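With chain L held as given, fit chain P onto it using these hints.
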Amino acid sequence: MKKRKAWYWWLAFIALFLLSQDYLFVQWSNGTSWLGFPTWLGWFMLLHLGFILVFYLFAKKHWE
Amino acid sequence: MVYAILLIYIAVVFLGSLRGAKQDATTPEGYFLANRSLGTLTLFFTILATNFSAFYFLGFAGEGYRVGYTYYVVMALGTGFAAFSFFLLGTKIWQLGKEHGHITPGELIYHHTGSNALRWLYALVMILFTFPYLSLQIVGAGYILETITQQQIPYLWGASFLTLFTIAYVWIGGMRSVAKTDLKQGLLAIGLMLAAVLVITNSLGGLTDANEQVFALEPGLFSREGAGDKYPPQKWFSILIFWLFCIPMFPQIFMRFYVAKDLDKLKKSALLYGGIPLIISLFPVIIGVLGHLSFPGLEGKAADQILPMMLVEHSSEWFAALVLTGALAAFMSTLDSQLLALSTIVTRDFVLPFRRELALSQQVKIGRICVILFAIIGLGIAARPFDTIFDMGKLAFSGLSMLFPITLAVLYWKVVRPVWAVIAIIIGEVLLLAFYYNWLPNQLLLGFDAYLLAMIVVFLILGLGAVRGKPQIRGKEIE
Chain L
1 MKKRKAWYWW LAFIALFLLS QDYLFVQWSN GTSWLGFPTW LGWFMLLHLG
51 FILVFYLFAK KHWE
Chain P
1 MVYAILLIYI AVVFLGSLRG AKQDATTPEG YFLANRSLGT LTLFFTILAT
51 NFSAFYFLGF AGEGYRVGYT YYVVMALGTG FAAFSFFLLG TKIWQLGKEH
101 GHITPGELIY HHTGSNALRW LYALVMILFT FPYLSLQIVG AGYILETITQ
151 QQIPYLWGAS FLTLFTIAYV WIGGMRSVAK TDLKQGLLAI GLMLAAVLVI
201 TNSLGGLTDA NEQVFALEPG LFSREGAGDK YPPQKWFSIL IFWLFCIPMF
251 PQIFMRFYVA KDLDKLKKSA LLYGGIPLII SLFPVIIGVL GHLSFPGLEG
301 KAADQILPMM LVEHSSEWFA ALVLTGALAA FMSTLDSQLL ALSTIVTRDF
351 VLPFRRELAL SQQVKIGRIC VILFAIIGLG IAARPFDTIF DMGKLAFSGL
401 SMLFPITLAV LYWKVVRPVW AVIAIIIGEV LLLAFYYNWL PNQLLLGFDA
451 YLLAMIVVFL ILGLGAVRGK PQIRGKEIE
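Same order as they appear, the protein sequences are chains L and P. Numbering-wise (this note's numbering), the first sequence opens with residue 1 and increments by one. Numbering-wise (this note's numbering), the second sequence opens with residue 1 and increments by one.
Bound-form chain P, shown alone:
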């Protein structure tokens, strides 16, 4: 039964990608941006599915298990606030992309500053800090396949199989097949997650009773600060504005701003994106918290598997397989978008400036080769996951958030000096890593998250450059 469900799902996704291939895989705009023609629902689901990933299914449940219900607010309200940056950055990115034919984030940066150095650094940061998040999807796929087949498919085999499958349909169909797949996968994932909550709570005697039992066992999971006082005021402040800075900087989200058919579609997608987390973020957190009743005492990475463990414990074999296939759908919808975004960046920002004669079909070919290369690197990282899903994600997101000030300045400031922007990015990232690896004492942060201090420094350096510079000449043509 488990294998039948998996096979049906794989067949449906694969046939969808063939349809995408027929429509527009022959030009870069078609392959990479679906000819900038996505409507509201497809655009919304491709943004949502791209963002709600292994981090949503396993990471939310795992963090719900470790920290409690306060993590729901962090993700729901925090992600809701991020919709504001769709207005702040998305509108201008969409307009400029349409006017000047930008396909990658780096092209926008180059167009407005005329600096290839800044463009390459910006693109490099996007690539490097996307890898932990990319590999996180593969880790999740490995965990899930291992659990639903009761170890018949070992972790690394499962991770490899799903990676190969994702490569195949991105190779064939490009952005339109990714977006269409995201729509199906997004609906599937949300519907099945709701069903999972209903089945598990029913098995535990109802949601109210189950919550009361966990409260009696672990009251810290019900405190606003979270278990172990995880979110005191400074951390709370830091984390609630964090998503606003980092979500639009995911390359796969940034490039979604280009693909909207018109501004109205982008606006409606942003509204949906701000609202939907209010409901869907609660599902995995509930399962994580209630996990203490069936599997008490899990620590660290072990808690990341609480969702599949609860499903196997509290539902039938076929239902667990169905829900976990929905989870696989979520992982693949993020992985495919990341692979496509990174391959586009390499092709357009690093290859094209040196091979201007490159035909459009050759660009698509290089993009496809990059998809394979990046998937293999991601699989290599996933072979030995270096942290919990939450912490792997947090490192990736913090690194990407350092690009927010540069993007804001390029879109709104009269003066952005590329040299100062390059220095700002390097110092911001070094500061971030210094705090992550404890090269600098955390007391310097006064309780706030490291990204906040690093971002203030990035803004200050950019501001100093702007004060000393002349307005830049905009409109450097993309080569």
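With the rest of the complex left out, here is chain L:
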């Protein structure tokens, strides 16, 4: 993997991890939403999906 490209992937993974540190940018209200789950649960599910997508693209192109 070229060094420059490697940095992009590192940045993408670090960004995903930072997005999981929700206290840095949001204060969730304590309540329920879809199916009675907490309001913030959907955010983390989406983030998990985002991680799988980025990891899939990374694995496809650069994991050799």
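Keep in mind that the hints were calculated from the coordinates and are not lab data. On a predicted model such as this, the values are computed, not experimentally measured, just so you know. Just so you know, even glycine gets a beta-carbon here, dropped at the ideal spot from N, CA and C. Accuracy of the hints is not assured; some may be wrong.
Below are the BS3-like pairs computed for lysine-lysine, each with C-alpha atoms no more than 30 Å apart in a straight line [claimed, not checked]:
| no. | chain 1 | residue 1 | chain 2 | residue 2 |
| --- | --- | --- | --- | --- |
| 1 | L | Lys-60 | P | Lys-301 |
| 2 | L | Lys-61 | P | Lys-301 |
| 3 | P | Lys-184 | P | Lys-414 |
| 4 | L | Lys-60 | P | Lys-261 |
| 5 | P | Lys-365 | L | Lys-60 |
| 6 | P | Lys-235 | P | Lys-184 |
| 7 | L | Lys-60 | P | Lys-265 |
Distance ranges between label pairs, derived from CB positions [claimed, not checked]:
| no. | chain 1 | residue 1 | chain 2 | residue 2 | range |
| --- | --- | --- | --- | --- | --- |
| 8 | P | Ala-11 | L | Leu-46 | 41 to 47 Å |
| 9 | L | Leu-11 | P | Val-351 | 53 to 59 Å |
| 10 | P | Pro-232 | L | Trp-9 | 26 to 32 Å |
| 11 | P | Ser-361 | L | Lys-60 | 51 to 57 Å |
| 12 | P | Ser-361 | L | Leu-11 | 51 to 57 Å |
| 13 | P | Pro-441 | L | Asn-30 | 43 to 49 Å |
| 14 | P | Leu-198 | L | Ala-6 | 20 to 26 Å |
| 15 | P | Leu-446 | L | Leu-11 | 24 to 30 Å |
| 16 | P | Asp-262 | L | Leu-11 | 26 to 32 Å |
| 17 | L | Gly-42 | P | Pro-232 | 18 to 24 Å |
| 18 | L | Lys-60 | P | Ala-11 | 41 to 47 Å |
Relative to chain L, chain P alone:
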């Protein structure tokens, strides 16, 4: 009915292990690593089933009961991130294992540093810190059998019976039978857990209503920080990266990196491993949270039994027995892998260096004897469980995570000085235990988990050694 379901399950698993025995129990590579030939699905399920255990069934539900939905994120996203370390460490471990014939983690360490002292310490830490996690499976089996037979099989009898059964099929079949069993047990466990959630929520008037009722009773279970503010920012940061460091250091997972048929199989397994927790981690946590409607006020270890209690309360006898048999499957799939991994480590890292003339079939025999010995030790610990399932697991995982910096350095750094690595491991583990047993004040941690501070110290010591040393000679032959 309960006994019929249990007997059918035991017969199916046992017949599977006989097939494994026919295929490759005659050489160490065959017995311990299934001849490095596992395909994507078998590899993925053996990694998943190895990892999702009593900790998944009882621990997730118990912690869901105590802390709430935030625990789902801790386990789902945290485990997802761990897939990254499959790339970071798994790829190199697989390549080097294939090139140089490594079977144990210690052999890789020895190959790259030429130090038996480091190899033995590394192996010893793996063995010692696997015991709390190993015994946790036996504890879970005891709880489950006690609940589904309505105390007809007492806790210790149930734990002993399942341990004996696991010994039998690991003895006969080795890694291939363990992996094949894991595939069946993994599918069974996930399918039945989903069914359990559907049945329980239906009995409580639907998921939405049940959640709304719990929210009215215990709103803390729906907060992002969890009940009792369990995960403030520092703890949240610590726990979400924790799994990335510790999961690949479980000996039974580390050795799974060796068994992939090729790199593509390892890659696909890692992708599945990163994704599946998004769905399956939610099931036991839901049951744990909803447990407050039927069994309010449980504290400490009592909450670890919430899943079997909910099943018995909200479903028919046969269905509860079926699901809890799935849970037993999960416990045994972890226990068998741990027993096999630890016996392999003792045989290859501690016996073989002193008995170089040992025939391959003798190595397998010693491995089998170790399986019995370790199972008995695990049963001894399980006779008096010292903490909740979550806390027993956390201690085991933190201890193992101290090996992550050493492994990373051995695989990627130009210089790793064995003496400094030995010092780093000892100081890391001592620091960890000092915080666990409150010999050191927790205020020193500034709210972060103890493993994080200990790991930083381990990295610093390793780094200091690297700065002062010369590049090591790699490629010490395995004896």
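Subject >> Contradicted hints - numbers only >> reply: 1, 2, 3, 5, 6, 9, 11, 13, 14
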